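Novice: Mind docking chain B on chain A? Use the hints.
Each chain is listed here by its residues.
Protein chains: 2
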Amino acid sequence: MSDRLPAVLDFLETHREAALLGLKDFLRFPSVSADPVCGGHMSACAEWLARQLQAAGLSTEVADTDGHPIVLAFNQHRAGRPTVLLYGHYDVQPPDPVNAWTTRPFEPDVRKTPAGTDAIYARGAADDKGQIWAHVQAMTAWEAAGGGLPINVIVLLEGEEEVDSHHLPDFVNANRARLKADVAVISDTNCFARGVPAIVTGLRGLVYGQVTLRAAANDLHSGIHGGAVRNPAIALAKLLAALVDESGRVTLDGFYDGVHSPADDQRKAWASLSFDESNYAESLGLAQGAATLAGEAGFSTLERRWVRPTCDICGVTAGYQGPGAKTIIPAYASAKVSFRLVAGQDPLKVRAAFEDFVRGHCPPGLSVNVDHFAAAPAVQTSQDSPWMKAAINALHLGFGARPVMIHEGLTIPVVHLLKRSLGLDSLLIGFGLPDDAPHAPNEKFDLGSLWGGTRSAANLYEFIAASHD
Amino acid sequence: MSDRLPAVLDFLETHREAALLGLKDFLRFPSVSADPVCGGHMSACAEWLARQLQAAGLSTEVADTDGHPIVLAFNQHRAGRPTVLLYGHYDVQPPDPVNAWTTRPFEPDVRKTPAGTDAIYARGAADDKGQIWAHVQAMTAWEAAGGGLPINVIVLLEGEEEVDSHHLPDFVNANRARLKADVAVISDTNCFARGVPAIVTGLRGLVYGQVTLRAAANDLHSGIHGGAVRNPAIALAKLLAALVDESGRVTLDGFYDGVHSPADDQRKAWASLSFDESNYAESLGLAQGAATLAGEAGFSTLERRWVRPTCDICGVTAGYQGPGAKTIIPAYASAKVSFRLVAGQDPLKVRAAFEDFVRGHCPPGLSVNVDHFAAAPAVQTSQDSPWMKAAINALHLGFGARPVMIHEGLTIPVVHLLKRSLGLDSLLIGFGLPDDAPHAPNEKFDLGSLWGGTRSAANLYEFIAASHD
Numbered sequence: 008m009s010d011r012l013p014a015v016l017d018f019l020e021t022h023r024e025a026a027l028l029g030l031k032d033f034l035r036f037p038s039v040s041a042d043p044v045c046g047g048h049m050s051a052c053a054e055w056l057a058r059q060l061q062a063a064g065l066s067t068e069v070a071d072t073d074g075h076p077i078v079l080a081f082n083q084h085r086a087g088r089p090t091v092l093l094y095g096h097y098d099v100q101p102p103d104p105v106n107a108w109t110t111r112p113f114e115p116d117v118r119k120t121p122a123g124t125d126a127i128y129a130r131g132a133a134d135d136k137g138q139i140w141a142h143v144q145a146m147t148a149w150e151a152a153g154g155g156l157p158i159n160v161i162v163l164l165e166g167e168e169e170v171d172s173h174h175l176p177d178f179v180n181a182n183r184a185r186l187k188a189d190v191a192v193i194s195d196t197n198c199f200a201r202g203v204p205a206i207v208t209g210l211r212g213l214v215y216g217q218v219t220l221r222a223a224a225n226d227l228h229s230g231i232h233g234g235a236v237r238n239p240a241i242a243l244a245k246l247l248a249a250l251v252d253e254s255g256r257v258t259l260d261g262f263y264d265g266v267h268s269p270a271d272d273q274r275k276a277w278a279s280l281s282f283d284e285s286n287y288a289e290s291l292g293l294a295q296g297a298a299t300l301a302g303e304a305g306f307s308t309l310e311r312r313w314v315r316p317t318c319d320i321c322g323v324t325a326g327y328q329g330p331g332a333k334t335i336i337p338a339y340a341s342a343k344v345s346f347r348l349v350a351g352q353d354p355l356k357v358r359a360a361f362e363d364f365v366r367g368h369c370p371p372g373l374s375v376n377v378d379h380f381a382a383a384p385a386v387q388t389s390q391d392s393p394w395m396k397a398a399i400n401a402l403h404l405g406f407g408a409r410p411v412m413i414h415e416g417l418t419i420p421v422v423h424l425l426k427r428s429l430g431l432d433s434l435l436i437g438f439g440l441p442d443d444a445p446h447a448p449n450e451k452f453d454l455g456s457l458w459g460g461t462r463s464a465a466n467l468y469e470f471i472a473a474s475h476d
Numbered sequence: 008m009s010d011r012l013p014a015v016l017d018f019l020e021t022h023r024e025a026a027l028l029g030l031k032d033f034l035r036f037p038s039v040s041a042d043p044v045c046g047g048h049m050s051a052c053a054e055w056l057a058r059q060l061q062a063a064g065l066s067t068e069v070a071d072t073d074g075h076p077i078v079l080a081f082n083q084h085r086a087g088r089p090t091v092l093l094y095g096h097y098d099v100q101p102p103d104p105v106n107a108w109t110t111r112p113f114e115p116d117v118r119k120t121p122a123g124t125d126a127i128y129a130r131g132a133a134d135d136k137g138q139i140w141a142h143v144q145a146m147t148a149w150e151a152a153g154g155g156l157p158i159n160v161i162v163l164l165e166g167e168e169e170v171d172s173h174h175l176p177d178f179v180n181a182n183r184a185r186l187k188a189d190v191a192v193i194s195d196t197n198c199f200a201r202g203v204p205a206i207v208t209g210l211r212g213l214v215y216g217q218v219t220l221r222a223a224a225n226d227l228h229s230g231i232h233g234g235a236v237r238n239p240a241i242a243l244a245k246l247l248a249a250l251v252d253e254s255g256r257v258t259l260d261g262f263y264d265g266v267h268s269p270a271d272d273q274r275k276a277w278a279s280l281s282f283d284e285s286n287y288a289e290s291l292g293l294a295q296g297a298a299t300l301a302g303e304a305g306f307s308t309l310e311r312r313w314v315r316p317t318c319d320i321c322g323v324t325a326g327y328q329g330p331g332a333k334t335i336i337p338a339y340a341s342a343k344v345s346f347r348l349v350a351g352q353d354p355l356k357v358r359a360a361f362e363d364f365v366r367g368h369c370p371p372g373l374s375v376n377v378d379h380f381a382a383a384p385a386v387q388t389s390q391d392s393p394w395m396k397a398a399i400n401a402l403h404l405g406f407g408a409r410p411v412m413i414h415e416g417l418t419i420p421v422v423h424l425l426k427r428s429l430g431l432d433s434l435l436i437g438f439g440l441p442d443d444a445p446h447a448p449n450e451k452f453d454l455g456s457l458w459g460g461t462r463s464a465a466n467l468y469e470f471i472a473a474s475h476d
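Chains as they are written, first to last, in our numbering: chain A, 8 to 476; chain B, 8 to 476.
Simulated from the structure, these hints should not be mistaken for lab results. No experiment lies behind these values; they were computed from the predicted model shown. Just so you know, not all the hints are guaranteed correct.
For chains that are exact copies, the list does not tell them apart, and a pair is met inside one copy or across any two.
Subject to a maximum C-alpha distance of 27 angstroms in a straight line, what follows is the list of computed BS3-like cross-link-like pairs (lysine-lysine) [claimed, not checked]:
| no. | residue 1 | residue 2 |
| --- | --- | --- |
| 1 | 187 | 396 |
| 2 | 187 | 356 |
| 3 | 396 | 426 |
| 4 | 426 | 119 |
| 5 | 356 | 333 |
| 6 | 333 | 426 |
| 7 | 396 | 356 |
Isolated chain A (complex conformation):
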């Protein structure tokens, strides 16, 4: 083990104020990739990030794409050392609804959380700027300690993660040689709980589509024509109602083909995790607490979130949605529908089954349209690689507690991309907390997550280097 690690950790300890100021600067960029008016902020944020990485001793470039730029950075690579590709994203979700925020989404504010801890509140605090920042600080500390990083690092930070990483696959494929590495590290997930770090060894896949049923060119007066013209909102309700049965199972043809129940030892390990449904429900602000938890019969809440496929309606729009009454038959009705997939499911087969379902459930007289937005398979990573052991130790020392091995229900398409395009396994070590509210108002990142994550990242570089010795 390098004798520099204590100095690195010491540097981190004594430079927290500067680290926090830097994170605030990072969070002030309204780098909303989905918003066309934010183009200038995206470039500015990428350039700023590149300068931070230069200060940490890396050589950097801001690579143009047909969308938002990608920040690339390399330290001085040396033969015989392992190479880590560190992926993250500097773009953030739109801050809407803005008036639900306690402080402005792009004016970071440090204050107490409801749990009594200190946190920094801003859009992107947890997803993913705070987590990137932990790595940038760790790299800065290794540089400050003299001699630079103990491993070869490739930093790849994109600006389109929140808009489907539209231009990343082409970029990665076009830069295969430069991006050649031994393992990928991604910090864009959560600890299992406050004080319980976690490594994610499985992610669900995603199929996402939008169905639109149209009855007329324009909305029609529901008094004059009501009862005589097929109402597309009623037809859509019947279609959507049929997607999930009373036991919470998805009714698409062949949806469960290839899906297995979790193994007994896995179920046991997860059942032993300290997970309180009431606390979970409370943290989500559920309308009726744990009574609002519901899903496929026969599985626990964690199993439903992590290893069971599911269907959600993510949005519905039809007709008049303002205050009061407007008496119309909507011209059309539309719904956005997502399917989370698990190991064994083929996204393209699910997509086709959804389209068949929609066409089979559209009543006569309506025109139907189906748009497809995503199709990614589930991912599972090996639990006994040397990298995994390094990650376990890094988090253990970083957070002072042994990490648990969990799944996550969400989809991180880049994990699949890095495997497919570069042959890389990903270490999913994230520092967020379940109550961080990414994608929602009042997103935050606990300072405990920031400092624990920074230490863990510094450790990780060391332990990956050591695993290779």
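Specialist: Same frame as chain A, now just chain B:
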């Protein structure tokens, strides 16, 4: 019969140019009652209208309300003559979407219709300015012919019909003595077809409510939580799907109590009307023509529109509705639902049944809210009053064709108000056409409707006077 009627009709014939110029002036006022920036235009339009009525020999006032002003006008009343309350509205719908108009909505344009007739295009042309204007012209002609109107007239023109006539009930109740009349005349409906004038003898009632199901305080990430938290949009879809059964019947408890099928002679009379479903479907821009026509089994399209109760979803909102994908479980899902009622149905019972239905169909774990926006009963008018005979003859001579007796599916709350508050039956004689596109872009009023309506109004005053002799 007055020997002045020929002179009145002659005056109308020879003063068409002035009448059209006046209507253009009327249509140039952007009297959009729903738009707060139009307040000045509302007052200006009301004052202008009062001046036109003064020129027709009436004494007028513009009465303030807590909303937009009401124009009141009276001719010199004489004992022993019948008194007619003429109701109309000078406010109009918003012109949105403005860029769908061929010419600007408040710059009236006279041009050919797709049917080859001449028409004046502007917001409010048919609904209701053109129809009011026919009466103003008829009154002007009676004044010009010397001796004034042969009946007592009370003109009541409100400026809030398109925004639920918010302040009209209080005004009417506070002015009962001054508004005492024998019958009301309302010209705010349509001919059955071009060349086929109509008298509406029945209107459907309305119950309108909004149901909101809430799962969480904010939208949740559907990857992290999907499958474990009840999705309110799925629950709403199941609730709405259950509102109408496969035969198109509404499933609320007791919904059809008191509802009778139309009488055989009425069904026969309506079946004999020249009504082409393909033309109707085409005029509405239906996605798949007549195949998009659907409704309660066992009834014709006209019966479904006129005398069968029905349920429509007028709007649905949940979660993300922008372009592309956003993976959330919506915090809440909400739908606006209208029920059109027919004779025999009690709006308050239907409202209560809807609320019971919603609460009975809300799954555990969601909070439910129901807002109510309207509750008006169906209206039917007597077909053999002396007023009705006068109206039939007036339209017959005005349009050169005997009017048909029809129903309309929509609700005109003022009809119920005038009955409830003043004990008045309403004669619903409208001059519009089914292709006038009220509430939509390119609203128009055929010049044939204007001249036929003007003649009919002039005749009506005479025949009502004669019926009383």
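Novice: A separate judgement is required for each hint: does it hold in the structure or not?
Specialist: Quick rundown of the hints versus the structure:
1. In this homomeric assembly, residue 187 and residue 396 come within 27 angstroms of each other (Cα to Cα) only inside a single copy, at 22 angstroms, whereas the closest approach across copies is 92 angstroms.
2. With identical chains, the CA atoms of residue 187 and residue 356 are never at most 27 angstroms apart, being 32 angstroms at best within one copy and 72 angstroms at best between copies.
3. Proximity of residue 396 and residue 426 under a CA criterion of 27 angstroms is satisfied intra-copy only: 20 angstroms inside one chain copy versus 83 angstroms between copies.
4. Proximity of residue 426 to residue 119 under the C-alpha cut-off of 27 angstroms is found in neither arrangement, the shortest distances being 40 angstroms within a copy and 62 angstroms between copies.
5. Within a single copy, residue 356 and residue 333 get their C-alpha atoms only as close as 41 angstroms, which misses the 27 angstroms cut-off; across copies the closest is 22 angstroms, which meets it.
6. Proximity of residue 333 to residue 426 under the C-alpha cut-off of 27 angstroms is restricted to the inter-copy arrangement: shortest distance 24 angstroms between copies versus 52 angstroms within a copy.
7. For the identical chains of this complex, residue 396 and residue 356 are neighbours neither inside a copy (35 angstroms) nor across copies (68 angstroms), given an alpha-carbon limit of 27 angstroms.
Consistency note: the structure conflicts with the earlier hints numbered 2, 4, 7.
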